[in-house]
Amino acid sequence: MDKIPSARSGGEVVETALKIVERLGPYRPEVKSMTVDYVNRTSVLKLLLTIPEGVKRIVRSKIEIPAYNDYSVYEIFEGDSLNRLNLNWRLEDGKWVTNVSKLPKSEKYFVILHGKVSEDALNEIVGVYCPEDPKREQDRDRYWIQSGIKDMSILEKIYSELSIEKVAVDVKVGVERQFATSIPKDMRALLEARARADAAMETADRQELFKGWLRYKSIRRQMGQVTTDQLLQVAKKVLSPELFLLFITIDSPFSLGSVTRNFQPGLIPSNIIVNVHTDLNFQRPAAQGNLTFLKEKFANRLSTEFTEGSQ
Amino acid sequence: MRVVSEFVAPWALPNEEIPVHLTWESTDTLSGIKLSVPEEFRVREIFNVKRDNIDNEERYIPASELSTQSYFGFLVTCTKIYDDFLVEKEMVVSFLFDNGQIERRVLRTKIVRPLIKLHKKPEKVEINDSSNLKKLFNFGVTHSGLGRAQVNLVVSRKGVAVSHMDSLYFKILEELIKENAFIQSKYDIVIDEKDVEIDSQWLHDESERMVEKLQQGEFPLERELEERVLEILKDESLKSRLTGAIYSRMRRILISRILYYLDKYPNEDIELAYGNVKTMIEPDIKELHFIFKYVDSIGNEYPDVEALIEVNDIRKDKSKIFEAPVNVEWKSEVLEFS
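Keeping their order, the protein sequence lines are chains X and F.
Note that the numbering used here numbers the first sequence so that position 299 is 299, with each residue one more than the last.
Note that the numbering used here numbers the second sequence so that position 45 is 45, with each residue one more than the last.
Hints may be right or wrong, so weigh each one.
To be verified - SDA-like cross-link-like pairs, simulated, lysine to any residue; straight-line CA separation at most 25 Å:
1. X/K236 / F/K331
2. X/K3 / F/T68
3. F/K264 / X/T98
4. X/K185 / X/L243
5. F/K50 / X/L243
6. F/K80 / X/D2
7. X/K211 / F/E175
8. F/K331 / F/A273
Claimed, not checked - Quick partial rundown of chain X residues pointing at chain F, CB under 7 Å, derived from the structure:
9. K3
10. R41
11. K150
12. T181
If you're looking for bench data, these hints aren't it; they were derived computationally from the structure.
From a predicted model like this one, the values you see are computed outputs, not experimental measurements.
Where a beta carbon is used, it is the ideal one built from N, C-alpha and C, also for glycine.
Isolated chain F (complex conformation) (with noise of 0.2 Å):
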């Protein structure tokens, strides 16, 4: 037997197709195929199979179950996700002859992952008169696994979110309260003259996505405020009213502020869902909890990273709320692999 030529997808992502197929040239007469793989492993869909009659468990292909007696293929994907970033999998295909002969086909590919750590975070933070409030949280954070990964930084005291995402979402709402916008329904559609082209679909689904989002409260506002919110949107002439709005400011913020865009994607692999975070120092804070979440290209979630940071407030007057930036510094230890 003579493998013509083979193929197995070198690496994937947990739950990411994997293909693999064989073509070969053979004088004797094939019995059959079997077909091994790791338990995590499952296998998706027979190329070049004739029915749905290959038992998932036996995973025995006989000869006359094959469309054409030399080429053979399968999808297979792992259902795990492991703690290593990257697991070099082996999968068996065997090839049975009448002849008593076997042929053993070993098939390698690397299950790969991102991995997120905290390299570098505040041991306790103090706040005091001439503290620099820009300056108060610093993390480092790496990344040390393969493939991208999408994060989305919160901060939480008492499991009460107190971060919001210094991101288009929340710029365009703060122009619209400072407009009072919500409280006198008056929406103003800002022209844009400039003749830059963005995606008018793109942003036409942007602006609905961020209305869905205020009607499911997930915006950090005044209770009064959330109120007179969910009143307008649900009065549909007022819902598009402030969807247009919405659109016409995105616009605008988007071509004044390409920083937005270039800070999104700190290094290669790693790319910040909403932009900066900063949180909310209110009285009598005495630690926070600040949640890295993050999930890969095709959205497999991973463990969060976590870090619960004692804060003292020793100011003279700590009556006002302010917001205190969450400052990151990204790191990237991506490893070569062959």
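If we strip away everything but chain X, and leave its shape as in the complex, we get (with noise of 0.2 Å):
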């Protein structure tokens, strides 16, 4: 009898965040928050220490706060004035240091710890999908995007807050049928004639051979000094990701991240990775929408450089 998966209770980012909890246990932690990082693969975790004045103060000369997954201290407030310490931590032996004797009256501390998370920690957390293929209308494609968290035992855990920002997943959306319709016709009868002279060099048929460089010439002359070249700069401005964003809508949550090519093959992107990103919390777990490609649109902008860029 099989057992259906589920993911591992937040795995280690959660159990490093527990790690870090319990050896800090003298001084009664309470984590306010945990905000994972899906782009940058970070973690912050905000914490309230108490550590308690006069004998005891002497009693523990050192905080120590292990650092796991490189975990490290980036601000620390006094609990009662919010105001930011400058204290000095160093490492040692897989511990941030720093001295007591250094700390104000308060009892209260608000620390907040930076660590990293691995790619497979973050596959436990959250899942984010869309689909290979678009739903093609005949203005528009359209892909779902769904993304969720897998697991929300890790509020159990901790008994505060989590967040994960910028769940990130890449549209692959394609473009090469635009570019291949948007060619201006004229242009596309000079790489067809361009073609058939390269071949007909290959074959040694004279006869070909000529009446293939002849039709070359008679096109080249008609539309001036065109040249491949300059098809493939004006190819490269257009599909620049500041132009293509103009074609993307996207529905909330979610809010476009990076644009880029991908070349495959050779000079003219196939498609366009568009990532996109939204943020999951306790109050919403998981989120869908819709990235829709206006390619129509897309096309009809294509055509206009083409015209204007061979001018």
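Relying on the hints, combine the two individually framed chains into one complex.
Written as structure tokens, this is what we have:
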């Protein structure tokens, strides 16, 4: 009887946070929040510590915070005044250490730790999906996007607010067809004539060769100085990320991130990779929305750029 | 009980991940959730459940196993390739409450696939002295499914492939052979002056891939040449020089042959794996087997579309082997679905 797999309880991200909390036991730590940045693969842990005055301070002269997963102290604030403290932390035996004697009178301290999260750990916490093929409509292509926290038990363990920021997915938006159809007819004729001339050269068929080159030269004369290179330069410009974003819409709660051209094969991108992200938390453990590519508008713009570019 | 948000992926290819999630509010106490999916569907993962404790046949999640009482999700895939290009499927998530109430949520998704059909093919092909050798083999292919199809046409005679791709690989091979590159083990690196950017990592990978294919005998070469090529590939330094020669030629050809790229996508949902296909016509040919193979965007393979065409060569001089292109007219019958 097989069992359906479920995510490990937050995995390493939670375990590490718990270990830190455990080691800080004497200071009665309260985890105020944990935020995971999906894109940068970092986590931010905010804790409230109680460091009593007087005798107890003499007995424990150092605060030690374990440096698991590259956790380090980012900031520490005095609990009463919320003044930021400038303490010297040194790394000793895998722990961040500072002297208690330097602390002001407050008993409460608010500590912010920054750490790293591995890709495996991230995949245990959250899932994000989109389809390979869009739904094709007359003037647009649509991709559904879903993201969800896989395991909320983190909350149970840490008893606090958890949020995962910039949960991201790359949507591969296909553009080859728009490109292929937007090249002006005369440019296309030029390319075809050139290809036929090349082919004739290979067969060493004199007649074919002659016909091919005649045709190529005649089209070139009509078209002016446009060469393959210029065409490619125009392609590079029009398929730039900045321009491309004008033809993408995204439903909230998702936002657009980076846009990268995917060169495969050769010179003209076969698709553009649009990074899309959202934030998830206890109130919103899952999100859904559509990414839409306004392909007809894009093709029209390409045509315009090609026509203007060749003038 | 009030469902706050509900999601199921509206469409997916076979074997593509379909995420589902529900969030809800309820004043009544939940006793558990029952999941029901079609037989061909496989539940891959469950979200917000504490341990790997849910049986994959019973699919009942007791409320105590939920990490929080207002959110649940799962990942499912359809493991079957249907004959129809669009099949609507239902999943049911039932919320069972302590007070006996049951709330049933029906979630529908569409399993889609590309579907290639031959709508035109030659009945019989006769080659005579006045035939236009470039217009012998004419097919019409319709894409009437959903989702992109990557199509690879293979032509064979008695089980042996006689087609080759009018592709980049073959072009490069032709050049190398013409220059006697294999016989002399001499490789000119063609320097290209143009300042055009091509992803060098991609070029590098493609060059290596072509060398691999050479090594595995994937190109129809004459026996002697084939042996020579394998000999060369055994020598590490010659092999690396060959890879370099291929790299530079590939770059140059790509720059001058945008058409290669443009012809790869005859319409929105068709990608020709290797460009246009040519077939060799050898003496005594009687018939040719045309096989259109296709896969979808995630690599699912679909049944081939085939045609066996009788060929009758009645030319006076049949001794020469010649190359005939296979002309394909692509049509798309993509239907709207909501």
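Consistency of the hints with the structure:
For the suggested pair X/K236 and F/K331, the alpha carbons sit about 30 Å apart, so the restraint of at most 25 Å is broken. At most 25 Å may separate the alpha-carbon atoms for a hinted pair to count; X/K3 and F/T68 meet this at roughly 20 Å. Restraint check for F/K264 and X/T98: not satisfied, since their Cα atoms lie roughly 64 Å apart, outside the 25 Å limit. Taking the CA atoms of X/K185 and X/L243, the gap is about 23 Å. The hint holds against a cut of 25 Å.
Simply put, F/K50 and X/L243 have alpha-carbon atoms about 46 Å apart, too far for the 25 Å limit, and the pair is violated. Between F/K80 and X/D2, the direct Cα distance comes to roughly 20 Å. Compliance with the 25 Å bound is thereby established for this hinted pair. For the proposed pair X/K211 and F/E175, the alpha carbon gap of about 22 Å is at most 25 Å, so the pair holds. With a C-alpha separation of about 17 Å, the suggested pair F/K331 and F/A273 falls inside the 25 Å cut-off, and the hint holds.
A cut of 7 Å between beta carbons decides the hint on X/K3: the least distance to chain F is about 5 Å, and the hint holds. With its C-beta approaching chain F no nearer than about 21 Å, X/R41 sits outside the 7 Å limit, and its interface hint is violated. Because the smallest distance between the Cβ of X/K150 and any Cβ of chain F comes to about 5 Å, under 7 Å, the interface hint for this residue holds. For X/T181, the interface hint is violated, since its Cβ never comes within 7 Å of a Cβ in chain F; the closest pair sits about 9 Å apart.
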